[in-house]
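Enquirer: Given only the sequences and the hints, what does the whole structure look like? Please build it.
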Amino acid sequence: MGLVESGKLPKSLNKLLSISRKYSIWAYQWGLACCAIEMGAAFASPRYDVMRLGVIPFPASPRQADLVVIAGTVTDKLAPAVVRLYEQMPDPKYVISMGSCANCGGPYWDSYSVTKGVDQLIPVDVYVPGCPPRPEALLEGILLLQERIAHEDMADRWKGEPIVVG
Amino acid sequence: MFGLLVAQNIAFYVIAALIVFGALRVVTCKNLVHAALWLVLVLAGVAGQYILLAAEFVAVTQVLVYLGAIVVLFLFGIMLTRAKTGHDLELDNPTPAKVGAGVIGVLLLGVMGYALWDAWRGQELGDIVVQRTAEVSDSLFSTYLLPFEVISVLLLAALIGAIVLARRD
Amino acid sequence: MSEYSEFVRQYLTVAIFAAVGIGLGAGLLGLGRIFRPVRPQEQKYLVYESGVDPVGTGWSQSQIRYYIYALLFVMFDVEAVFLFPWATRLEAYSTFGLIEMLIFVVILALGLLYAWRKKVLRWV
Amino acid sequence: MSQLSSADTTTETPAEEATEVEIDERRQAVLDELTARLGDAVVGSHIRPGDDLWVRVERAAWPEAAQVAKALGYTWFDFLSGIDWLPSPFGRDMDAQVDLQVSGAPVKEPAPLVQGYAGGDTRFQVFARLYSIAAGMGIHFKADLPDDELSIGTWSRTYFGADWHERETAEMFGFHFEGHPHLVKLYLPADFQGFPLRKDFPLLARRVRPWPGIVDVEPMPGGDESEGEGE
Amino acid sequence: MTATSDREQIAALAARANDNRVNLDFETEGMTLNMGPQHPATHGTLRIVARLDGEQVISAEPVPGYMHRGYEKLVEVRSYPQINTLVNRIDWLGSFANEVPFILAAEKLMGVEAPPRAQWIRTILFEMSRIANISLFLGDYGLQLGAMTAGFYAFRDREHVLNQIEAATGGRFHPNFDRIGGLKDDLPKGWITDSHRAMDKLLAFCDELDDLLVGNEIFQSRTRGIGVIPRDIALSYGLSGANLRASGVDWDLRRDSCPPGLVYDQADWKVWTHPDGDCFGRTWVRLQETREAALIVKQLLDTIPSGPVMAKVPRIIKVPEGEAYVETENPLGAMGYYIISKGDLVPFRVKIRSASFNNISVVPWVARGAYVPDLISILGSLYFILGDIDR
Amino acid sequence: MTLLLAAFDPPYWVSTLIKVLVISIVVPTTALILGMVFLFKVMSWMQSRLGPQEAGPRGTLQLLADGVKFLQKEDIAPFGADRFIFRTAPLVVLMSTLLLYVALPASAHLVVSDLDVGVFYVLAVSSLSVLGVLMAGWASANKYSLMGGLRAAGQLIAYELPMVLAVLGVVIQAGTLSLNGIVFAQANGSIFGWDAIGNPYILTQFVGFFIFLAAVQAELTQPPFDMPVAESEIVSGYQVEYTGFRFLIFFLAEFATAFVFAGIASVLFLGGWAVPWLDTASDWYYVLGPVVLFAKVMIVSFIIFWVRFTYPRFREDQLQSFAWKILIPLALANIVVTSVLKVVL
Amino acid sequence: MPKVPGLVKGLGVTFGEMVKTLKEGPQTTRYPHEREEPAPRARGVISLYEENCTACMLCARECPDWCIFIEAHKYLAPPRREGGKPRQKNALDRFDIDFSLCMYCGICVEVCPFEALFWSPEHEYSEVRIADLLHDKSRLGQWMQTVPDFESYEAGSEAKVKKVPR
Amino acid sequence: MLVNQFLFLGAVLFCIGVYGVLARRNAVLVLMSIELVLNAVNINLVAFGAMWHATDPANLSGQVFALFVIAVAAAEVGVGLALVLMIYRNRQSIDLDEVDLLKG
Ligand code: SF4
Ligand code: SF4
Ligand code: SF4
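For the protein sequence lines, the chains are F, P, R, U, W, E, S and G, in the order given.
Heads up: the first sequence is residues 1 to 166, going by my numbering.
Heads up: the second sequence is residues 167 to 335, going by my numbering.
Heads up: the third sequence is residues 336 to 459, going by my numbering.
Heads up: the fourth sequence is residues 460 to 690, going by my numbering.
Heads up: the fifth sequence is residues 691 to 1081, going by my numbering.
Heads up: the sixth sequence is residues 1082 to 1426, going by my numbering.
Heads up: the seventh sequence is residues 1427 to 1592, going by my numbering.
Heads up: the eighth sequence is residues 1593 to 1696, going by my numbering.
Calculated from the structure, these hints are not laboratory results.
In this text, all values refer to a predicted model and were calculated from it rather than measured experimentally.
Quick reminder that beta carbons are idealized off the backbone N, C-alpha and C, glycines included.
Be a bit skeptical, because a hint or two may be false.
[Unchecked claim] Mimicking DSS-like on lysine-lysine, the simulated pairs with C-alpha atoms at most 25 Å apart in a straight line are:
no., chain 1, residue 1, chain 2, residue 2
1, S, K1435, S, K1449
2, W, K1008, W, K874
3, W, K879, S, K1589
4, S, K1515, S, K1500
5, E, K1122, S, K1449
6, S, K1449, W, K891
7, W, K891, S, K1435
8, S, K1435, E, K1122
9, S, K1515, S, K1563
10, W, K891, W, K988
11, S, K1588, W, K1002
12, S, K1446, E, K1122
13, P, K196, P, K264
14, S, K1446, W, K891
15, S, K1588, W, K874
16, W, K879, S, K1586
17, U, K658, U, K644
18, W, K1002, S, K1589
19, W, K988, W, K874
20, S, K1586, W, K874
21, S, K1435, S, K1446
22, R, K453, E, K1406
23, S, K1511, S, K1500
24, F, K116, U, K658
25, F, K116, U, K644
26, W, K874, S, K1589
27, W, K1002, S, K1586
28, S, K1589, S, K1563
29, W, K879, W, K988
30, S, K1588, W, K879
31, W, K891, W, K960
32, U, K658, W, K1008
[What the hints assert, rightly or not] Restraint ranges, calculated between C-beta atoms of paired labels, are given here:
no., chain 1, residue 1, chain 2, residue 2, range
33, P, G327, R, A354, 32 to 42 Å
34, S, E1584, U, R485, 31 to 41 Å
35, E, K1406, R, I434, 18 to 28 Å
36, S, V1434, F, D153, 49 to 59 Å
Expert: Quick look at the structure:
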């Protein structure tokens, strides 16, 4: 039973913990479709270099990840894998939904095999619009997420169900 | 000096307890990998005893060869034959055999214990002098030269034998 | 202080550090307990296997090559053990020690050669 | 137009290309060779000069057609798929049916079922394309599948690449390929119901969601354009 | 919550999860390795189920479909301009290249031809998307084989090309720039000079990669003689593009049967082949192809004719009845669209022949007997894009 | 100041306590420094980018943030894992790393435990991490883990041997196993009578140095020898199931080990904490020693990481044959040549 | 000259790159401290010039994703010229674009006959609630300020440069 | 310290090893038990070695013998496990009794 869960942690310490989470976001490397390449550009292209912001795209296993960017189309066949991936990540964990496909089904909104939005499967923290979003748009999404992390109340987050947004 | 001796004795008994406990787990434990890891404890303890006996080189050799190599060999052997985690009930002989083995073990211990007690009663180890590597080397290259060369042949034979056995033909 | 107690102390330090190594890690992990959440989720404790259900359980009884390499390693490791004391005293032994050791090394190198010849060094 | 393609093996030029009445001799030669080898199995054909060749064969001769073509040097496998010639019951233009649904107008008469080049008699056809790198030409093969027996021989023995194409076609149209080694679903989840590429497979999202363009369907009051500010 | 209750809860959950297992069709005894759909080696969501003997592959069966979006159905309910933007997303790395065969097929049915300036720009953009596509392959293949820096270089220099594509079309990825009868817009000022510069950077990147990766002895030992696909097998599986050329088949649709509407005959270039058919051959051919593409672009940039970029076509596009198939040499290989039109706003049926689908179907054949690490180099060197397989 | 340090001779327990404190600070610090400087900065530079920038001034606190973050991560042991072993495995690895630091001399007296069998001890202790890795791989009950664990173990032991043999060349030349002894032998040695720079063994034992570096690279499971954690093959090997702090221990232990191996390499081949023109008995070494050693360590680690960021990885069998068919025969030959020369000269 | 082994060459490449980065600075845009300029044509977000829109519905009809929602009512506008008859006009009540669904194809901009829609290269509008990605009339109007002027064309072009209404 | 301390420890370890050899059925475990026995012997050897060394500094027989034992143990484990693996490969089991039965 953690102190944090019970909300007994002193404010300043809480702040420190939040800041550390803010600046250390290990992002799982998993791309789905076209957006994944733009995500790859944000993560790996020297022009964007997401590492500057403290987002480290090292982990190849969800067990070490804090953030998963759902970048691309989620199909019904894939949906169980997405859910599993999310659940296998250790808390606290964050999800960015990148691109129209992940947000809402996007160009394939009428397809018979595409899930209409990843938020039907897992809770999403930040939605990045675009098809595909520019890498900088993803960076902006990440900044937004960092802002959220810095101000979030961990006791809240870790007590009940995950915060479901939107 | 006395203080040192007391400390040594404490160290000895602590390590000895660890060794005995570990050894018992090795022979009773129900999981092969656990057994191998308990064996690690025993072997490390034995290395500790060597240190107490000032046999530095043997102690480090124990770590290098036993912990770094032989246990790994054991673990490989286990994982290659049985990769599943979990318990395995087929490790032991049936209970009568086990009881028999226990009896034999205890009897043997009794006999040996008595003999040792009888022969070395009260014998002190004396002032232990640190045995440096160089001295080991000198001994090896004078008195035990022949066995030393024989060892190489033995290792070669073992190597060839093991390769012949393990090779998939 | 006698050389012996000096010696034992050196290794006591080693033992202490071994304990510290374990203790440090365990302590930090214990510290983490305060800050960590525990939030069971349905699939959190399934082993990771690329996002699908684990297929099969065991794996690879046939990885015999690992064993052969380990075996070679053990033999040569033992050899190396004997080489170390010799190396420290080579100056004293001079040619005699050199020849003795050459014999030793050559005999074992034969083993390597044998393994090589028998193609066990190949990944089959 | 498809009426123009005949049931025999003579070549007819489509009406709109009648201006360039050239005969493509190379393709005609290939067609003759195919006819010679396959005999009566060739039931329809079509040549667009300088461009492409379509051959329709009997269902029974489908695997044989592949072998013959391969022997003729058409070694490169391009693709294989199916066609459902049923006019879509949901309207043909993207908005037609939805308009109707909302305005409550009666459903249009279904258009007649018309097959394309090289003709056809049935609703379903398989078609495939092979290519000869040496000749720089391709052939489209087609074959009819009767509604009551949607099965045809496999090509995967002759062209390894057909393996996956046939699996895809099978799950999309519900065809059966006799002799295919592993005819299971390729793309869709194992519990997926229906055959998506059949024309009567509805895209539900389109059915349930109102089309935003529908909101204002009546034409703007006349004479409006002259006053539109954008002009 | 106490520790025990945690544990109980966990145990209960795990038991439930075990009950809920859904996907057991590949459960076999002992030695099945499953890679994907969440595996770093599979460029997204391909799944490979490999039965192993030790580290040797007995059989490897790709399981595609995790990215299946139902293209062939969707295009039946979309008008031609809408399809044009949708097909961008098939091979998402060389998006513009997807549009071209579709537009050409529609143009063939409509009997229109784009003005020369449009043809030139089309060809240039086509080659640029080839570069954008293949340069990423080169970097990513390095990444697959553990040389992480190559990937960064690829992303770095790819940006130059993307910049050019974006400056012209407005989209880094999905240009939606091609139109039946021409192009959406003309080039912006200064584009030609910038493109020259970008191509120079690209050529430098190729040299750099040659030194860093392709010339590296470790790389060669990982790829030479691995995953050999002989000529006949390659043809029978319908492989295309660099995969086919690396097997010694000297065939390039750009040169051998370039459909009207592209102007490859206006540039002086070379088709590269490699006799070995192994992973190295495929990589090498692609590297050369990238160079060649940059050179084509540079040549064409200098000769762009002036004039309009759009032919006269009706505002509402209804394609006349008929069937047409056009195939072009896309970055991944031969890509074709078979359009059946009934004269409506929407096509009646479109069969999309995508290169990766065939390219990857050879995996079961070529992976047999390979080692697991080789499986990675084989998969990587066959180079597929998930969208191009699954559509 | 330096003299003060020299005169400082506390009782055993006090000094041990100090040592424990110092090492518990030094180990994470070195790991952080290496991780920061090389993994984040040098790697970024080699890839023409910047690396972490936002966390702390110019991103220097990145790894610290990571550490605190990992402290807050949930601790998951997968169902079916052998919990106890799963949990202790990282500790074993950490212990092995810490034990390596024990023998590393930062100057003649600044050493935790100046063992008489120094090098031999180092080699023995470093082989302990194999146990941790195998435990981790096996206990995770995960296929990738087991495969990674086996690969790692196979690789660690295969390269243990070249390392041992490479060290032997130095031992033959120095005639001692003590690490400080080796430093002295280099500082006071001479090359054919020319003793201006002593006799750093890299000049005579360059073959050994090369083999040692290759072996270190392999022991650290870094490219080109990173198959045990090759993400495109087996995701991340034996670390697949590790979360939070346990993973961090693996992660940091890797860098700490890199540091200490670089340290040992510089002791064995580059003259350790000594600088040629300063007498080894000088009190200045209380301050200078650590600095000099640190500088040399950074140079060696730069080479290690440089290679890491440049090369693709070997295949498992190529790795083994590289060890057995090239490195080990080479090392044996090196030993023979060295000993012959030693006896003849 | 003997061939330099590839292993050495590779080391040279990375080292050279490091030196270059240190000397010339990296190729990174330090977002969020500085921003890169996307091309003027970049399709970042759609902006609406409300005055021009006649609620003709063309964009909504042509949109492949059905993500434009328009509601309008008719009213009589005062005559343009003195004494003319009042004109019947459509007034926009609602003009929403759902950017979580939009596929950024540009069809709407292209088909709009009245030059009411424009592309802006802006891309920073990630949201934590997906509902906020539905941009209404006023938000779309605000984007208008970020629309750049059309660029002039490359030599040899016959296209006319259009103007952005302000 | 008394010599007997070490000797007794050796004796206990030895007997546990013997028990293991007799009671265990799994071949790998039997090999492990043998390791216990060998280590017991080694403790004794080193203890005696230390004792003699105290009186006669040139005498290091105990240690040298311990080294030899370690070397022999390595060889023994290598061959032993190779045997086990071979049996396992042929019989998919490393149950020693089964092997006995087949032999008899
Ligand atoms: S949102 Fe667009 S770019 Fe992203 S995956 Fe979907 S179609 Fe591709
Ligand atoms: S850009 Fe395309 S998808 Fe987006 S609103 Fe316009 S037409 Fe619709
Ligand atoms: S097409 Fe243009 S004028 Fe018509 S409703 Fe859309 S934005 Fe308004």
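Enquirer: Each of the hints needs a verdict: does it hold here or not?
Expert: Each hint, compared with the structure:
| no. | hint | result |
| --- | --- | --- |
| 1 | S:K1435 to S:K1449 | holds (21 Å) |
| 2 | W:K1008 to W:K874 | holds (18 Å) |
| 3 | W:K879 to S:K1589 | holds (16 Å) |
| 4 | S:K1515 to S:K1500 | holds (5 Å) |
| 5 | E:K1122 to S:K1449 | holds (14 Å) |
| 6 | S:K1449 to W:K891 | holds (19 Å) |
| 7 | W:K891 to S:K1435 | holds (19 Å) |
| 8 | S:K1435 to E:K1122 | holds (22 Å) |
| 9 | S:K1515 to S:K1563 | holds (18 Å) |
| 10 | W:K891 to W:K988 | holds (12 Å) |
| 11 | S:K1588 to W:K1002 | holds (20 Å) |
| 12 | S:K1446 to E:K1122 | holds (14 Å) |
| 13 | P:K196 to P:K264 | holds (14 Å) |
| 14 | S:K1446 to W:K891 | holds (15 Å) |
| 15 | S:K1588 to W:K874 | holds (14 Å) |
| 16 | W:K879 to S:K1586 | holds (13 Å) |
| 17 | U:K658 to U:K644 | holds (19 Å) |
| 18 | W:K1002 to S:K1589 | holds (24 Å) |
| 19 | W:K988 to W:K874 | holds (22 Å) |
| 20 | S:K1586 to W:K874 | holds (13 Å) |
| 21 | S:K1435 to S:K1446 | holds (16 Å) |
| 22 | R:K453 to E:K1406 | holds (13 Å) |
| 23 | S:K1511 to S:K1500 | holds (15 Å) |
| 24 | F:K116 to U:K658 | holds (23 Å) |
| 25 | F:K116 to U:K644 | holds (22 Å) |
| 26 | W:K874 to S:K1589 | holds (17 Å) |
| 27 | W:K1002 to S:K1586 | holds (16 Å) |
| 28 | S:K1589 to S:K1563 | holds (22 Å) |
| 29 | W:K879 to W:K988 | holds (17 Å) |
| 30 | S:K1588 to W:K879 | holds (14 Å) |
| 31 | W:K891 to W:K960 | holds (21 Å) |
| 32 | U:K658 to W:K1008 | holds (20 Å) |
| 33 | P:G327 to R:A354: 32 to 42 Å | holds (41 Å) |
| 34 | S:E1584 to U:R485: 31 to 41 Å | holds (40 Å) |
| 35 | E:K1406 to R:I434: 18 to 28 Å | holds (27 Å) |
| 36 | S:V1434 to F:D153: 49 to 59 Å | holds (55 Å) |
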